[in-house]
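A.B. asks: Residue numbers (our numbering), protein chains in the order written: chain A, 128 to 178; chain B, 2 to 346.
Hints in this document: simulated from the structure, not taken from any laboratory. Quick caveat, the model's predicted, so the values are computed rather than measured. Be aware that a few hints might be false.
[What the hints assert, rightly or not] Label pairs and their computed distance ranges (CB to CB):
{"hint": "1", "chain 1": "B", "residue 1": "Ala106", "chain 2": "A", "residue 2": "Ser163", "range": "52 to 60 Å"}
{"hint": "2", "chain 1": "B", "residue 1": "Leu152", "chain 2": "A", "residue 2": "Val143", "range": "17 to 25 Å"}
{"hint": "3", "chain 1": "B", "residue 1": "Lys227", "chain 2": "A", "residue 2": "Lys129", "range": "54 to 62 Å"}
[Said to hold, decoys possible] Chain B regions said to be covered by chain A (calculated; three or more residues, Cβ under 8 Å):
{"hint": "4", "region": "70-78"}
{"hint": "5", "region": "125-139"}
Positions of the beta carbon are idealized from the N, C-alpha and C atoms, including for glycine.
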Amino acid sequence: MKVFVAAVAFAVVAAVAVAMVLNTIQEPSSVAFTTSGARVGDSGHNLIGPG
Amino acid sequence: MPGSLSFLKVFTPKTSILTLCAAMALLFVLAHPAAAQLSFRPTAEAVQEDQLLNALQRGDKITGRITIPDTRASSLIQPAGRDWRDFQRSRLPIIGGVAIIGMVALLAIFLMVRGRIRVDHGFSGAKILRFAGFERFIHWLTASCFIVLALSGLNISFGRILILPLFGPDVFATMSAYAKFAHNYLAFPFMLGLVMMFLIWIKDNIPGKLDLEWIKQGGGILSAGKHPPAKRFNAGQKGIFWIVIIGGALMSVSGWFLIFPYLAATVTVLQFWTVIHAVIAMLFIAAMLAHIYIGSIGMEGAFDAMGTGEVDLNWAKEHHALWVEEQQAKAGAPTDSTPRAVPAE
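All chains, full assembly: derive it from the sequences and hints.
C.D. replies: Here it is, written out as structure tokens:
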């Protein structure tokens, strides 16, 4: 049981760590796929926005 | 003559050009109603659209011109995408339904016909270490991730049909969003577990002649009292191992393209990997149902191997006789049922 709990805990911690790393190194689509001239200041919370 | 000369004087090159232009304008005015009438004919319009799309098509896509950095955004229409969408919506649920429900039905029939596979000689009370703590940790790491990945993945194919009507769009949308996060990020510890499994168990999972004999005898699970000899892993377990490794590798590679879709060279390549991901997933889940069944309710004493790590000596002798002999020889133990734990590694 201890091994099972440790494995599940490790999986959760690893998943959160990966999420944090990917969120750090990746740009939002609203930034990655627009030129600076076409980029709006607040991309909002729609499909292309950060939220 | 002066009169005829004056007549000729009227038709100078300048007036001829004017007359020609007027005639062409008249022709255009007369021809225009016919063209307008043609544009209202649906069949004619469809033909024109088809010709237009064919003329615009380059390779497998109809493309336009864009000025934004993402050059893939120039794809206007990808005709093959309709086939891909049809596959995702119609054929894939059928493949998945047949594979998963079919496997559950087979296992239920097997349980009803064969019953639970018992330890023929009963539990001895002696234990032998089958899997060390680290092996079980890797197994459960991979297994727990797999269960979440499977459920969240099945939600994509079947959630709209099965869950949406029960809980409504708000709950379904929120649940699906979190399920997608879990799917994306738990894929990484799953891949880690897969690599570790491969490294620690490959040496015991190389197919050999002994496996052929095991398969010929149906693994001894079709009838009571028959136990073909096996080393640490029998042919059935080796099959599961390679299904997990090969299936997991295909899921990992295809899943990598889904998490990072712009790694794919074209949208067609991306669609190819989504199909591979979905089809392998359905078959993978069906195979794992069989694995879960035989490792729990299907075989008495089997769960202990991954539960506590120790199995009953009689169970081990019946299902892995050669492995028990190897372990006891290493430990210098007698080959009878003397209660004694023997390390597996």
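A.B. asks: If a hint holds in the structure, say so; if it doesn't, say that too.
C.D. replies: Right, here's what the structure says about each hint:
For Ala106/B paired with Ser163/A, a C-beta distance near 58 Å keeps the hint of 52 to 60 Å intact. Take Leu152/B and Val143/A: their Cβ atoms lie about 19 Å apart, and the range 17 to 25 Å holds. Evaluation of the 54 to 62 Å hint for Lys227/B and Lys129/A yields a failure: the beta carbon distance comes to about 37 Å. Against chain A, the region 70-78 of chain B contributes 3 residues with a C-beta closer than 8 Å to a partner C-beta. That satisfies the three-residue criterion, and the hint holds.
Judged by the Cβ-Cβ criterion of 8 Å, the region 125-139 of chain B is covered by chain A as claimed, because 4 of its residues qualify and three suffice.
In terms of the numbered hints stated before, the structure departs from hint 3 and from no other.
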